[in-house]
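Chemist: Letter by letter, the chains look like this.
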Amino acid sequence: MRTVRRLPLVLGMVVVGFAVLVAIFGPALVAHDAFTQNLAHRFVPPEWLAGGSPAHPFGTDQLGRDYLARLVLGVRISLMIGLTAVVLSGLIGTTLGVLGGYFGGWVDAVVMFIVSCRLAIPIILVALTVVFLVGSSLTVVMLTIGLLLWERFAVVSRSATRQVASRDYVAAAWCAGCSRRWIVLGEILPNIVHHLIVVATVDMAIAILLAAALSFLGLGVPPPMPDLGLMIAEAKDYMFFKPWVIEIPGLALFALVLGINLLGDGLRDLLGGESGG
Amino acid sequence: MSPVLEVRDLRVRFGSMAAVRGIDLAIERGQTHCLVGESGCGKSVSALAVMRLLPRGAKREAGAIRFAGEDIARLPERAMRRLRGDRMAMIFQEPMTSLNPAYTIGSQMTEVLRAHRGMGRAAAVERAEAMLTRVGVSAPGMRLGQYPHQLSGGLRQRVMIATALLCEPDLLVADEPTTALDVTVQVGILKLLADLKRDLGLAMLLITHDLGVVARIADVVSVMYAGEIVEHAPVGQLFAEPLHPYTRGLLRAIPVPGKVRRGEKLATIPGIVPRTEVGFRGCAFRDRCEFATQECAEPVAERVEGAHHWRCRLASGWLEAA
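Chains as they are written, first to last, in the numbering used here: chain A, 1 to 277; chain B, 1 to 322.
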């Protein structure tokens with residue numbers, strides 16, 4: 001029973017761990033360059049299909065670029081986007097949420113109003129506007145998602161803060177003469193961190209999917225960067241004749257997001273947090 | 001000798017609800033003052049008002065709180081913070097939640113010393129160890145490295161007490177310090193508090209609803225009802241000759257082994273505590289009191305006889321007359 005319950009966590013850790021290793025070391029290990037085109041070798045099928053060659057284990061794309069090299073670089077870009085977005089949104093959301101939850105009253109009302117406003121903004125439309133105004137780049141994608149995806153952090157840290165702030169040890173800290181700064185940073189924050197870790201995994205998965213969707217629409221990472229969403233977008237024209245060109249990046253994206261979500265679920269059970277999402 | 005803590009006409013309200021309606025308290029060095037009353041009578045709110053830690057929504061209205069001769073009711077928050085944990089400390093009811101689960105016992109205890117006394121780490125650890133030994137914790141060195149969840153309820157309460165006493169405060173406010181503990185553990189904690197009070201010359205304000213605790217530890221008792229102190233007397237006098245009908249009702253409701261027969265119902269006080277709005281007049285107990293008359297709807301003056309104060313229209317000796 002115990003091992004069954006731990007299975008999601010282990011699976012998630014294996015998948016995410018593998019993805020992180022691939023992102024860090026993969027591009028250096030793959031023999032081919034992700035950008036070098038070779039029109040003579042377009043659509044070489046992967047090694048396990050008829051006509052495949054060990055030179056290109058995952059085949060080549062419509063411009064003859066090595067698919068494995070592009071995939072590995074794509075995973076690195078996806079993780080970078082996810083990580084940056086989570087750090088950025090975590091800072092914004094946690095600050096707002098803790099302020100609202102701790103001070104209550106009008107501060108809380110203002111925070112909740114800002115959260116409501118944020119929920120009313122469609123991210124895709126904002127991204128469209130931003131791309132129109134400043135042009136698309138990896139940095140723009142990371143910033144856009146990071147600056148817009150903080151509402152879950154805010155809501156969870158707000159309710160967790162309210163819960164923790166009413167505990168006796170916070171009152172005891174007041175009685176010991178602690179400052180308000182210490183109460184918030186030293187007493188409350190360490191006790192809501194486990195909620196925030198779970199939110200971080202959920203948001204990371206969402207950020208990666210969102211980035212892929214933006215790239216698919218041509219609003220995200222610009223070509224020739226091999227973002228997973230962009231690879232799927234480029235492959236969709238050929239999917240009926242050469243299904244593997246869309247299957248490979250699609251499966252990679254699926255596995256990555258699933259792994260992060262499993263990790264989040266497992267951590268939630270492990271940390272015993274009653275986190276909402 | 002002037003009292004360590006002197007509270008005059010303290011009033012606290014939550015919106016239109018008057019939670020504390022003008023109480024007076026005076027506690028001297030080496031004295032345990034028990035504040036007794038049922039849930040919601042305003043005893044915890046009074047304690048929090050003394051520490052100036054009232055929750056949001058509560059408003060302290062009138063009243064002077066003199067601590068060691070200084071009126072702290074008007075002290076700026078900064079100066080108040082220096083007093084809390086140093087000169088005045090507080091312990092709480094729930095030992096399970098009053099230690100921060102994110103830190104070891106040691107870091108929570110030394111934090112206080114480092115903040116108030118500017119002690120170095122080694123000196124603070126040594127002092128914390130000595131204090132844990134003083135409150136009867138065995139193997140204090142090991143306990144300092146442990147987290148709260150590794151300790152039992154009684155042990156945690158001892159740690160709480162040790163933490164509160166680290167800076168040798170003049171006043172210790174204890175809000176139901178034994179309520180959440182097993183009876184056998186309760187006795188140990190009460191004995192410890194009594195010893196500490198004697199040895200350190202603490203002034204202790206102890207809040208409880210348990211008259212057994214009062215009998216064991218109090219020097220002076222104030223009985224609270226609906227935000228007022230209805231009776232105030234040295235402990236022996238209060239138990240021997242309760243003068244307010246509410247106190248009498250409380251004492252009658254205590255089951256005494258051997259005296260209560262099988263099948264016999266315990267005495268109760270009929271009715272419920274009234275909701276006292278701001279501007280409530282007269283005796284709050286009149287709806288539940290068997291001696292109530294028309295007169296009780298008028299404001300009641302406090303009667304004083306020696307050290308015995310009570311707030312009732314009935315003079316002493318009413319019991320014999322009735």
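Warning: the hint list may mix true and false statements.
[Stated by the list, open to error] Derived lysine to any residue pairs resembling SDA-like cross-links, with alpha carbons at most 20 Å apart:
#1 Lys-59(B) <-> Gly-104(A)
#2 Lys-259(B) <-> Gly-249(B)
#3 Lys-59(B) <-> Gly-105(A)
#4 Lys-191(B) <-> Gln-31(B)
[Said to hold, decoys possible] Where chain A lies over chain B, by a calculated footprint (3+ residues, C-beta under 8 Å):
#5 107-116
#6 125-138
#7 203-214
Since the hints were derived computationally from the structure, they do not count as laboratory data.
Where a beta carbon is used, it is the ideal one built from N, C-alpha and C, also for glycine.
Chemist: Confirm or reject each hint.
Modeler: Consistency of the hints with the structure:
A hinted pair counts as satisfied when its Cα atoms are at most 20 Å apart, and Lys-59(B) with Gly-104(A) qualifies at roughly 16 Å. For the given pair, Lys-259(B) sits about 17 Å from Gly-249(B) by alpha-carbon distance, which is consistent with the 20 Å threshold. Of the pairs offered as hints, the one joining Lys-59(B) and Gly-105(A) holds, with about 15 Å between alpha carbons and a cut-off of 20 Å not exceeded. Pair hint Lys-191(B) plus Gln-31(B) holds up; C-alpha atoms about 14 Å apart against a cutoff of 20 Å.
Taking a C-beta to C-beta cut-off of 8 Å, the stretch 107-116 of chain B contributes 4 residues in contact with chain A, enough for the three needed, and the coverage statement holds. A stretch counts as covered by a chain when three or more of its residues have a beta carbon under 8 Å from one of that chain; for the stretch 125-138 of chain B and chain A the count is 0, and the coverage is violated. Coverage of the stretch 203-214 of chain B by chain A is violated in this model, with 0 residues showing a Cβ closer than 8 Å to a Cβ of that chain against a need of three.
Checked against the numbered hints given earlier, the structure breaks hints 6, 7 and satisfies all the rest.
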